[in-house]
Amino acid sequence: MDLHFGDSKPTDEERAAVDALLGPPDSSWEGADRDEMRAADLRWARGGRAARDRRDQLLPGLHAINDRIGWISEGALDYLCRRLTVPPAQAYGVATFYAMFSVKPRPATVLHVCTDLACAAAGASELCAGIESRLGLGSGVSVERGPCLGLCERAPAALAIRAGDPVRTAVSAPATVEQAVLAASAPDSAPEEPAAAMAVPQAGDPALTLLRRVGVVDPSSLDDYRAHGGYTALRRAFELGPAGVIREVTDSGLVGRGGAAFPTGRKWQATASQPDHPHYLVCNADESEPGTFKDRVLMEGDPYALVEAMTIAGYATGAHQGYLYLRGEYPRAIRRMRHALDQARARGLLGDDVLGQGYAFDIEIRRGAGAYICGEETALFNSIEGHRGEPRSKPPFPVEKGLFGKPTVENNVETLVNVLPVLMMGAPAYAAIGTERSTGPKLFCVSGTVERPGIYELPFGATLGELLELAGVRAGLRAVLLGGAAGGFVRPDELDIPLTFEGTREAGTTLGSGVVMAFDDTVPLPRLLLRIAEFFRDESCGQCVPCRVGTVRQEEALHRIADRAGAAAADDIALLREVGRAMRDASICGLGQTAWNAVESAIDRLGAYE
Amino acid sequence: MTVTPLGIPRRLLEFTIDGEEARVPEGSTILDACRAAGKDIPTLCQGDTLTPKNACRVCVVEVEGSRTLVPACSRTAEPGMEVRTDTERARHSRKIVLELLASSVDLSTTPRVAEWIKEYEAEPDRFGPDAARLNEEPKIDNDLYVRDYDKCILCYKCVDACGDQWQNTFAISVTGRGFDARIAVEHDAPLTDSACVYCGNCIEVCPTGALSFKSEFDMRAAGTWDESAQTETTTVCAYCGVGCNLTLHVQDNEIVKVTSPHDNPVTHGNLCIKGRFGYQHVQNRG
Ligand SMILES: Cc1cc2nc3c(=O)[nH]c(=O)nc-3n(C[C@H](O)[C@H](O)[C@H](O)COP(=O)(O)O)c2cc1C
Ligand code: SF4
Ligand code: SF4
Ligand code: SF4
Ligand code: FES
Ligand code: FES
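If you read the protein sequences in the order shown, they are chains A and B. For the first sequence, the positions run 1 to 610 when the working numbering is used. For the second sequence, the positions run 1 to 286 when the working numbering is used.
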């Protein structure tokens with residue numbers, strides 16, 4: 001490979017940002033100043049293979065530049081490529097894939113304003129208009145309307161990011177025009193976000209399992225975590241041995257909470273038994289499904305629980321390295337998890353010899369950069385590896401060839417945190433919670449037009465109505481979206497649907513990752529459907545035709561029928577169905593396959609355009 | 001690749017295609033098997049010299065037990081598989097894919113697509129006059145080849161040919177995402193500012209004519225391009241000692257473009273800038 005670089009040079013600031021991540025360059029071949037060329041440089045080139053093996057530093061490198069400068073210039077990108085021996089065309093393809101990066105100059109401060117479902121129901125469009133008129137051109141702030149920020153319980157939401165050293169962030173939710181403008185213009189003096197426990201209306205209830213510690217434990221203190229029962233599950237895991245842990249997890253009936261509901265024990269067993277090494281553990285904390293915020297609350301409120309759970313998962317599956325792929329729009333969760341990892345490492349709970357048991361395990365955080373598709377498991381691997389976040393075709397499955405082509409187990413945050421009670425109470429007791437086929441406790445992200453939005457923990461089997469009652473459903477309920485944008489709408493007369501995987505399936509809908517969004521009759525349904533279509537069009541990776549073009553054609557059809565109904569809409573509804581069917585059947589990944597679900601359910605169950 | 005590497009004979013495995021028994025060597029794709037059985041499955045992103053990206057989805061078939069349809073070009077055949085190539089479901093997806101493609105890009109130079117559009121009764125116009133299209137001007141920034149992305153179906157073939165599957169130059173990549181995804185060099189620069197070495201291997205694999213010789217592009221624009229009047233002569237490149245095969249496409253006694261046989265075990269259809277573009281001296285009658 002003969003790399004070609006243009007003439008653009010990085011500024012000192014850009015170079016410093018990259019060097020802070022990768023260390024100073026060894027030679028001028030890697031981009032060091034030619035005036036200081038060392039004698040050795042004249043004879044051989046370093047970089048090459050050794051640097052190429054660090055390809056996975058591409059995404060962190062792009063973050064480093066974007067964090068410091070606010071955008072990624074040609075010179076900065078070329079310098080990063082030189083350091084990593086990555087072809088600039090590929091790096092450019094990666095940089096332009098993510099919504100949080102810009103390859104064009106922009107102001108140092110970006111204010112992301114959510115226009116997604118819960119926020120739309122809470123008046124996001126007026127908020128945006130207000131913010132945009134206050135922060136016009138020349139304000140030094142770039143206002144970007146965008147998808148769900150995972151703060152739906154406090155809708156409407158805005159997130160300000162100001163580039164610099166260090167980068168500063170401020171969250172405003174529920175946002176008013178004044179507060180959002182303040183967050184953008186003075187992120188340092190913006191008020192502190194409410195504690196994570198504020199998102200948990202049941203906080204402090206001793207009957208809770210997964211949320212037991214949220215609001216009770218100090219999320220920054222390892223000692224406090226231990227004082228509240230932390231690290232007893234890991235000790236139990238060491239007693240049981242890897243095979244014993246997998247047996248418990250299998251017997252518990254635990255299935256994945258990331259949306260696909262795959263049996264966790266089976267996935268672990270399949271990975272553990274792969275002869276190829278090393279094995280990797282990946283925790284999917286990308287959480288970009290509109291309406292989902294449970295993983296954020298867990299990480300913000302009980303970060304050590306995830307560290308402990310990942311350690312157990314790594315131990316059981318024979319992994320020595322774990323990756324926590326954390327959504328880039330979650331600054332507080334990133335801070336809390338970073339701190340927790342540092343503390344755990346300092347205390348021998350991560351590292352060469354975890355708990356003195358001779359087991360080596362460590363965890364690295366990888367920050368996403370604004371791409372819902374990176375939550376898809378194989379797209380996530382590509383993203384970590386420094387490629388575009390495009391899903392791979394399966395088979396081969398991750399348990400066989402996952403991250404870096406090696407056997408990999410990938411689990412959702414909530415799934416992993418469930419492993420702690422499985423080990424603490426034992427598989428039979430855990431399996432006794434919930435129903436026969438949906439065992440254990442489940443987190444539900446309730447938002448929209450309810451009195452007390454937030455995360456609720458209920459045993460599987462409670463009905464939708466019971467959950468909405470807890471959350472204080474308001475009069476005039478028009479529709480409930482189950483499972484997020486990839487899920488489906490149900491009617492107010494269907495509230496007796498049991499919240500289990502089998503129950504929702506029987507009712508012709510889905511539980512997905514546990515999203516429950518309520519909309520009363522003040523929310524215009526066609527606008528909501530348009531937003532869902534726009535979301536999928538925006539978030540499609542663009543790899544396959546049914547999804548890349550199909551999402552566009554569907555959005556166009558919905559625009560055409562936005563103000564129509566009955567016979568006038570029939571043509572376009574037929575078109576939507578035909579395109580939707582091909583998307584479901586022929587798309588490469590779950591994004592395209594589910595993109596039409598919610599709109600279809602609104603037409604069929606709610607009679608949206610009748 | 002049509003060249004079968006010599007080696008130990010591969011085991012045959014048995015499965016059914018449209019209810020009929022099929023036996024293919026282990027490792028064959030469903031598409032290989034279908035073609036061997038004489039079935040005509042449309043393909044666009046599949047290429048005989050590349051590992052397909054399975055991005056176009058026009059080759060989808062039904063496989064018993066699979067929730068979704070399966071791309072025949074990439075899925076390897078397994079013993080006992082029951083494949084159905086011509087069901088209503090598979091035909092529906094192919095039809096929609098053809099409609100989606102034809103409504104968004106210019107397929108006028110894509111071989112066979114008109115035939116498939118007819119066969120599957122696709123109606124690309126039904127998305128209305130306002131359906132978003134690429135609508136891009138051809139990029140003419142060098143004298144050797146033209147990039148007309150208005151015709152690009154994003155099959156990834158050129159990226160793979162320029163990248164780790166053949167050329168290892170990595171001059172082009174997919175950039176952006178979703179409907180805005182495009183093939184581009186770094187910073188969206190002209191080709192002349194990129195790492196491109198003008199081997200033309202990307203043109204060789206492009207299934208749509210989005211990438212073409214400048215000579216072909218100019219003749220098409222002038223209305224003088226006439227494939228039926230062309231002859232093809234395969235010869236050996238005279239430049240260096242490797243011995244690559246060149247196929248000269250000649251119209252009116254002028255070389256109008258150069259390709260290379262894909263089943264040649266040396267080149268697999270790939271050439272360098274000299275073999276591909278360095279033919280003017282042959283016809284310099286000055
Ligand atoms: C488009 C798309 C987005 C996804 N996003 C997420 C996500 O944000 N978090 C998550 O845990 N799983 C997500 N998933 C599901 C994952 O691919 C995968 O099934 C899951 O992480 C496996 O973990 P589990 O078995 O613990 O559920 C997504 C899937 C698709 C198709
Ligand atoms: S379905 Fe959509 S998101 Fe998934 S691979 Fe295809 S284009 Fe990409
Ligand atoms: S001509 Fe060769 S080097 Fe240039 S883009 Fe095409 S394949 Fe790559
Ligand atoms: S330019 Fe041609 S080869 Fe490249 S992606 Fe487009 S259609 Fe495929
Ligand atoms: S934060 Fe706005 S919808 Fe989730
Ligand atoms: S030819 Fe198989 S997906 Fe394109």
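Simulated from the structure, these hints should not be mistaken for laboratory data. Check before you lean on any hint, since a few could be wrong.
DEER-style ranges, computed between Cβ atoms [stated by the list, open to error]:
hint, chain 1, residue 1, chain 2, residue 2, range
1, A, Phe262, B, Asp48, 34 to 44 Å
2, A, Ala50, B, Pro9, 34 to 44 Å
3, A, Gly23, B, Pro9, 30 to 40 Å
4, B, Thr87, A, Arg474, 43 to 53 Å
5, B, Leu144, A, Pro395, 35 to 45 Å
6, A, Leu355, B, Glu136, 41 to 51 Å
7, B, Lys274, A, Gly23, 16 to 26 Å
8, B, Thr87, A, Asp276, 30 to 40 Å
The model shown is predicted, which means the values in this text are computed figures rather than measured ones. Yeah, the Cβ is synthetic: ideal placement off N, Cα and C, and Gly gets one too.
Exercise for review: Check each numbered hint from earlier against the structure, then list the numbers of those it violates in ascending order.
Suggested key: Numbers 3, 6, 7, in rising order.
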